[in-house]
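This note's numbering applies: residue 118 is where the sequence shown begins, and numbers increase by one.
The hints are simulated quantities; they were obtained by calculation from the structure and are not laboratory data.
Where is the CB? At the ideal position from N, CA and C, for every residue including glycine.
Each hint should be verified, as a subset may be incorrect.
[As the list claims (entries may be wrong)] Taking CB as the label site, the calculated pair distances span:
#1 Asn265 - Glu386: 42 to 50 Å
#2 Asp238 - Lys478: 17 to 25 Å
#3 Ser512 - Phe231: 47 to 55 Å
#4 Ser513 - Lys286: 37 to 45 Å
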Amino acid sequence: MGINCLRVVPKFPPSAKHKIIISHSFSHSLLFTKRSSRAIHAAAASSSMSYEKELAAAKKAASLAALLCQKVQKALLQSDIHSKSDKSPVTVADYGSQALVSLVLERELPSESFSLVAEEDSGDLRGNSGQETLQRIRTLVNDTLANNEYSSVSNLTTDDVLRAIDNGKSEGGSRGQHWVLDPIDGTKGFLRGDQYAIALALLDEGKVVLGVLACPNLPLTSISGENQQSSQDKLGCLFFATVGTGTYMQPLDGSSLLKVHVSATENPEEASLFESFEAAHSLHDLSSTIAKKLGFKAPPVRIDSQAKYGALSRGDGAIYLRFPHKGYREKIWDHAAGCIVVTEAGGVVADAAGNPLDFSKGKYLDLETGIIVTNQKLMPLLLKAVKESLEERASSL
Numbered sequence: 118m119g120i121n122c123l124r125v126v127p128k129f130p131p132s133a134k135h136k137i138i139i140s141h142s143f144s145h146s147l148l149f150t151k152r153s154s155r156a157i158h159a160a161a162a163s164s165s166m167s168y169e170k171e172l173a174a175a176k177k178a179a180s181l182a183a184l185l186c187q188k189v190q191k192a193l194l195q196s197d198i199h200s201k202s203d204k205s206p207v208t209v210a211d212y213g214s215q216a217l218v219s220l221v222l223e224r225e226l227p228s229e230s231f232s233l234v235a236e237e238d239s240g241d242l243r244g245n246s247g248q249e250t251l252q253r254i255r256t257l258v259n260d261t262l263a264n265n266e267y268s269s270v271s272n273l274t275t276d277d278v279l280r281a282i283d284n285g286k287s288e289g290g291s292r293g294q295h296w297v298l299d300p301i302d303g304t305k306g307f308l309r310g311d312q313y314a315i316a317l318a319l320l321d322e323g324k325v326v327l328g329v330l331a332c333p334n335l336p337l338t339s340i341s342g343e344n345q346q347s348s349q350d351k352l353g354c355l356f357f358a359t360v361g362t363g364t365y366m367q368p369l370d371g372s373s374l375l376k377v378h379v380s381a382t383e384n385p386e387e388a389s390l391f392e393s394f395e396a397a398h399s400l401h402d403l404s405s406t407i408a409k410k411l412g413f414k415a416p417p418v419r420i421d422s423q424a425k426y427g428a429l430s431r432g433d434g435a436i437y438l439r440f441p442h443k444g445y446r447e448k449i450w451d452h453a454a455g456c457i458v459v460t461e462a463g464g465v466v467a468d469a470a471g472n473p474l475d476f477s478k479g480k481y482l483d484l485e486t487g488i489i490v491t492n493q494k495l496m497p498l499l500l501k502a503v504k505e506s507l508e509e510r511a512s513s514l
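Construct the entire structure; sequences and hints are all you get.
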């Protein structure tokens, strides 16, 4: 039986003394009082006592990694780019982000066994050709730690950095707790100056119980429709969720907090469709066929990374379609954090047949087709359109 990131009803509802701000749309500006923000912080903590420490550590780790990535992106040089076996670009920020998250989690949770399933390893950094890059990573990590309450551990050696990166070699699985990290999800978006995310999740007995998405370039207001390019002076979102508590969003600076919810639309004609920016990552023609069957009027919103999950969790769009090319194997770090962020906001994340995603089998998701994300009301219509479109595609081959 698949273990997944199903939404659970909170056991401890927020105090009736405080009003929780719930957003079904982000067309309005984010305006909060200090009292409201404190109330939501308290509500989120009180309803998730079992993962309170882990959530605090994950938010801190992802936020610091975002600061490191922002610094690198501003000074991005072509020489920063390396090449992976899957041909996607990698920058020093990838390694620096992974090292930083690993170090912060270990420091903040010292009494717990530490298992990290992550995208990178230090192999390319250990040879002579990687020494310059390794020194730059070390400097970036130390500078970020020194400027953010970690001055006592900001004199790391290159060996310390390599060890931190290689903490991510865990295979995951259905037993125990495992952190799951994509240090920069959306590397091509990062290189273009567009969307990317630091995606961090926690598995407990194979189930996603916590997720944090740091999205440095995502506007604080909606990116759907005519607002897609607006609010560029207000960038940087942190989404987080623990099982049974709902999903929250706040600026990366840690200020005002907002509880968010997926779109409540029941009419596909009024909905926005999200898909991958890169055609190499998903079959845009198949998504187009599905959109036509549903009667979508608006063009798709194409953005990189799990920032799509964050945007969907706050109601920017109603559907996300991902249909990779044949032979591609989905990795758990590409979806774990986004999955719980959406499901705790009231959404549904499933494979193309409507089955929940299973994160309990190691580094890969066993999927034959794709991933679909929407709200509860639209899922039956979406499943029907997906089934018909896949059958038509198969018969035409």
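Cross-check of the supplied hints:
no.: 1; hint: Asn265 - Glu386: 42 to 50 Å; result: holds, 46 Å
no.: 2; hint: Asp238 - Lys478: 17 to 25 Å; result: holds, 20 Å
no.: 3; hint: Ser512 - Phe231: 47 to 55 Å; result: holds, 50 Å
no.: 4; hint: Ser513 - Lys286: 37 to 45 Å; result: holds, 43 Å
In the structure shown, no violation is registered for any of the earlier numbered hints.
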